[in-house]
Amino acid sequence: MSPVGTQHYLVVAGLMFAFGALGVLWRRNALGVLLSVEVMLNAGNVALVAFARERGQVDGQALALFVMAVAAAEAAVGLALVVSVFRTRRTVNLDELGELRG
Amino acid sequence: METTAAAGAPVALNALWLIPALPLAGAAVNGLRALFVRWTPGSADHAHDHGASAGHGDQAHEHDHDHGPAGAWPAGWIATAFMLAAFGVAMWAFVTQLLPLHGAGLTTDPMPWIVAGNVEIHARLLLDPLSGLLALVVTGVGTLIHLYSVGYMAHDENRDRYFAYLNLFAAMMLILILGDSLPLLFVGWEGVGLCSYLLIGFWYTDEQKAIAGKKAFVVNRVGDLGFLLGMFLLFAAAPTQPSLTFSSLADVAHGHFSPILLTTACLLLFVGACGKSAQFPLYIWLPDAMAGPTPVSALIHAATMVTAGVYMIARLHFLFELAPIACAVIASVGAFTALFAATMGFVQNDVKKVLAYSTVSQLGFMVMAVGAAGTGYIAGVYHLTTHAFFKALLFLGSGSLIHAMHHALPADADPNDIRSMGGMRHKMPWTFRTFIVGWAAIAGFPFFSGFFSKDEVLASTLHSERLASTFTYLPQILFAAGVLAAACTAFYMTRLLILVFFGKPRMGAAAEPKVHESGWQMVVPMVVLAVLSALGGILWAPLFGWAPLEHFLAPVIMGQSGAFLAGVHSAPHFDWTPTILATAAFVAGTWLAHYLYIAHPEMPTRLAARRRGLYRMLWNKWFVDEAIEGIFVNPVRKISESVLWKGIDVGVIDGTVNGVGALAAKAGAAVGRLQTGLTQNYAVGITGGVAVLAVYVLARLYS
Chain B
1 MSPVGTQHYL VVAGLMFAFG ALGVLWRRNA LGVLLSVEVM LNAGNVALVA FARERGQVDG
61 QALALFVMAV AAAEAAVGLA LVVSVFRTRR TVNLDELGEL RG
Chain W
103 METTAAAGAP VALNALWLIP ALPLAGAAVN GLRALFVRWT PGSADHAHDH GASAGHGDQA
163 HEHDHDHGPA GAWPAGWIAT AFMLAAFGVA MWAFVTQLLP LHGAGLTTDP MPWIVAGNVE
223 IHARLLLDPL SGLLALVVTG VGTLIHLYSV GYMAHDENRD RYFAYLNLFA AMMLILILGD
283 SLPLLFVGWE GVGLCSYLLI GFWYTDEQKA IAGKKAFVVN RVGDLGFLLG MFLLFAAAPT
343 QPSLTFSSLA DVAHGHFSPI LLTTACLLLF VGACGKSAQF PLYIWLPDAM AGPTPVSALI
403 HAATMVTAGV YMIARLHFLF ELAPIACAVI ASVGAFTALF AATMGFVQND VKKVLAYSTV
463 SQLGFMVMAV GAAGTGYIAG VYHLTTHAFF KALLFLGSGS LIHAMHHALP ADADPNDIRS
523 MGGMRHKMPW TFRTFIVGWA AIAGFPFFSG FFSKDEVLAS TLHSERLAST FTYLPQILFA
583 AGVLAAACTA FYMTRLLILV FFGKPRMGAA AEPKVHESGW QMVVPMVVLA VLSALGGILW
643 APLFGWAPLE HFLAPVIMGQ SGAFLAGVHS APHFDWTPTI LATAAFVAGT WLAHYLYIAH
703 PEMPTRLAAR RRGLYRMLWN KWFVDEAIEG IFVNPVRKIS ESVLWKGIDV GVIDGTVNGV
763 GALAAKAGAA VGRLQTGLTQ NYAVGITGGV AVLAVYVLAR LYS
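Top to bottom, those sequences are chains B and W.
Just so we're aligned: 66 in this note's numbering is position 66 of the first sequence, and the numbers increase by one with no gaps anywhere.
Just so we're aligned: 160 in this note's numbering is position 58 of the second sequence, and the numbers increase by one with no gaps anywhere.
What the hints contain is simulated information worked out from the structure, not anything from laboratory work.
One should not assume that every hint holds.
If you want the footprint, here are the derived chain B segments under chain W, 3+ residues with CB under 8 Å [said to hold, decoys possible]:
| no. | stretch |
| --- | --- |
| 1 | 20-26 |
| 2 | 45-58 |
Take a look, some chain B residues computed to stay more than 12 Å from chain W by CB distance [claimed, not checked]:
| no. | residue |
| --- | --- |
| 3 | Gly5 |
| 4 | Met16 |
| 5 | Val33 |
| 6 | Leu41 |
| 7 | Leu65 |
| 8 | Ala75 |
| 9 | Leu79 |
| 10 | Ser84 |
Virtual Cβ for every residue (Gly too), placed ideally from N, Cα, C.
Extracted from the complex, chain B is given alone in its bound form (with noise of 0.2 Å):
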């Protein structure tokens, strides 16, 4: 049996991504979709370093610490929001949430 490969690794980064993608999608509780958006971030994560060991170099984990280090900022702008959203509209449910309707 062949040791884990990156091909491996990919695959696992591909699957996150798609259901961060449809948690993002298809979520209607405001914190469930910051979640997923997690998730998806993280699937790059796996692909960057996957891909930096790869090729024996650092680049894609350095680049992976900047991704999470910028996904700390993003979930905490994200969670100020939506506490923000629902101090004033009393919901964090994204139905109810239509106000760019035309």
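Fit chain W to the known structure of chain B by using the hints.
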């Protein structure tokens, strides 16, 4: 002078442009003033049928028409001066330049007008004996009527506009007459139609008058369509380089056009003549045109514009004479109109309406003459000239009567009604004297102008070989109709004369002392026209084989067509038959009128009661207006409403436009639902799009 001598080449004289340009300048002066210098509402008196002043309560000063309201712009004098100048130029050109040429014409240098491809139409004026004679009539009679208008319109607040129109009319009429090609003639043709419309509806605040103007315009358009089609037909059929000048048409007339084409073109042109010269059934506008100021009726609807059709046929005689069927139709329509219109004059009570129907009738005589071809062209132009004199005179006389009656009668009474006149000969001696000359001329009293010209018309009809070639007895039939019409003319004119000037005054005791003779501006033109009406005929009388007018006009009529010479040569032997019969007709008509209206004044009413049906037919003018209304106007209106308006306009056009709009709105509403305002939905779209693109790109990469 030998008639076969072809008219020589025309001599250049650019000063001819002055003749139409002078009245045009007058129109510009008064017209610009009318446009830019507003009258102040309420300051001047109101427009009335006689331009009379409601503000001048002092009736004793009524006929002091020297000037309008104090310090007013002398629009009338300016217009008259321009007309007089045009008359001067025309007279100068005629006497010093045209007469020495013995038949050739004067012409201006051609001015490029419509030049495109192989079409070269130049604007050029031509003064030959025919157009010269008419130019003198138009400017001469026109000047007199301008002068008369100065008095008649003295108190109308829109004098500037009136005189601008009147001058514009004269300019257009002169272009019509002097233009040397069909298109230039058509410019004048349309121009006089426009001015006629403007002047009939001059008092447009009165809806009836505005409607009369529109009617004249629309009926004339019907005729003009015929004229245009005829012109286009000639244009299309003419050989290379169609310029449509009369001389070029004359050159190609013989042999280049097929008989069918010529007949069609001539009949179409005649439709145009029917409109302008008020022939059956397009005469209906002319009686209504009496809504305009009376000098307008005299100038346009009696003396000049209505003769345009006759002039056009005389001018294009080289085409018409080659189309015998067209000639027969023209002469028949003319004879029928002469008789038909005369009968309608029997029962009219409006002095101007009587004269209007007599105009239609006299135009019928002219058209009959030009239809008869041969000497008929000369007879038609002859009658046209004398008619311009005596009919202008009669209209000016009627204007003078109306003017006087308007001041005498209460405001709501109709000043045109002859039933309220009577005994005017003592009240208005000059009007009476001149009117009786006009009466003698139109009725055919021996040795007055109308007597000679009507004789000529009847004689040339009777001897017309052109008509006889179509149908052997046609000349005799038309001649009989003409004589009968002459008798009718004598009858209704005598009736008018008796009812207006003789008997006891019927205007009422209150009005009677207020009737006055008109001012000198109105009397002088009437006197001049009376002299012309009396003597105008005898100068050209074809008595004893000596016919100066015929010799004068012959080069024009004959020089252009060799085929036609024979027809004229055989005619001049003098025949007493028409003279005797026409005189008999005059005596019979006059006697009958005398019998009915003087000897037995109660008879007309009894007759009307006894022959109720006939009287109603006459009173309603044979129901021609109603027939036209029923046959043409109403169906057109119905079709317009149900098909064109509600079907095509509302259904198809509005439907298409509104449908496109509705489609956009509906599509917008449908697509608008996609905008839910939920970012997730948008993200689905984006992701889906990316996925599809990714699949596509990958498929392309690995295929």
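| Are there hints from earlier that the structure breaks, and if so, what are their numbers? | Result: hints 2, 5 break, sorted rising.
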